[in-house]
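Asker: With these hints in hand, go ahead and build the complete structure from the sequences.
What the sequence shown shows, in our numbering, is residues 1 to 39, in sequence order.
No lab work stands behind these hints: they were computed from the structure.
Fair warning: this is a prediction, and the values are worked out from it, not measured in the lab.
Mixed in with the good hints there might be a few duds.
Said to hold, decoys possible - SDA-like, lysine to any residue: derived pairs with alpha carbons at most 25 Å apart: (1) K11 - I35; (2) K11 - V22; (3) K11 - Q36; (4) K11 - R24; (5) K11 - P31; (6) K11 - P1; (7) K11 - A28; (8) K11 - E27; (9) K11 - C26; (10) K11 - V38; (11) K11 - L21; (12) K11 - A34; (13) K11 - C30; (14) K11 - C23; (15) K11 - E39; (16) K11 - E32; (17) K11 - A25; (18) K11 - E29; (19) K11 - G33; (20) K11 - V37.
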Amino acid sequence: PVEVLEIQDEKSVPVNIEECLVCRACEAECPEGAIQVVE
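Answerer: So, in structure tokens, the structure goes:
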């Protein structure tokens, strides 16, 4: 889903975690590999 993460101070921050489906799409899309989803 959209708007689960937000960029703040050049970092990805979870802002709507209850909407996360744990699909890991954000991990795949992060060009730096800096996002890790932990269940």
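Asker: Taking the hints in turn, state whether each one holds.
Answerer: Here's how the hints hold up against the structure:
1. The hinted pair formed by K11 and I35 meets the criterion: a straight-line CA distance of about 10 Å does not exceed 25 Å.
2. Distance check on the hinted pair: K11 and V22 sit about 19 Å apart at the alpha-carbon level, within 25 Å; holds.
3. Between the alpha carbons of K11 and Q36 the distance comes to roughly 13 Å, so the proposed pair stays at or under 25 Å and holds.
4. This hinted pair checks out: K11 and R24 have alpha carbons roughly 17 Å apart, not beyond 25 Å.
5. Our distance criterion of 25 Å between C-alpha atoms is met by K11 and P31, whose separation comes to about 13 Å.
6. Of the supplied pair hints, the one linking K11 and P1 holds, its CA atoms being roughly 18 Å apart against a limit of 25 Å.
7. The hinted pair formed by K11 and A28 meets the criterion: a straight-line CA distance of about 16 Å does not exceed 25 Å.
8. This hinted pair checks out: K11 and E27 have alpha carbons roughly 14 Å apart, not beyond 25 Å.
9. For the hint pairing K11 with C26, the CA-to-CA distance comes to about 13 Å; that is within 25 Å, so the pair holds.
10. Between K11 and V38 the CA atoms are separated by roughly 17 Å; this keeps the pair inside 25 Å, and the hint holds.
11. Straight-line distance between C-alpha atoms of K11 and L21 comes to about 21 Å, which keeps the hinted pair within the 25 Å bound.
12. Restraint check for K11 and A34: satisfied, since their Cα atoms lie roughly 9 Å apart, inside the 25 Å limit.
13. With a C-alpha separation of about 11 Å, the suggested pair K11 and C30 falls inside the 25 Å cut-off, and the hint holds.
14. Under the criterion of a C-alpha separation no larger than 25 Å, the hint pairing K11 with C23 is consistent with the structure, at around 20 Å.
15. A threshold of 25 Å between alpha carbons decides the hint, and for K11 with E39 the separation of about 20 Å falls inside it, so the pair holds.
16. A hinted pair counts as satisfied when its Cα atoms are at most 25 Å apart, and K11 with E32 qualifies at roughly 11 Å.
17. Between K11 and A25 the CA atoms are separated by roughly 17 Å; this keeps the pair inside 25 Å, and the hint holds.
18. This hinted pair checks out: K11 and E29 have alpha carbons roughly 14 Å apart, not beyond 25 Å.
19. Taking the CA atoms of K11 and G33, the gap is about 12 Å. The hint holds against a cut of 25 Å.
20. For the suggested pair K11 and V37, the alpha carbons sit about 15 Å apart, so the restraint of at most 25 Å is met.
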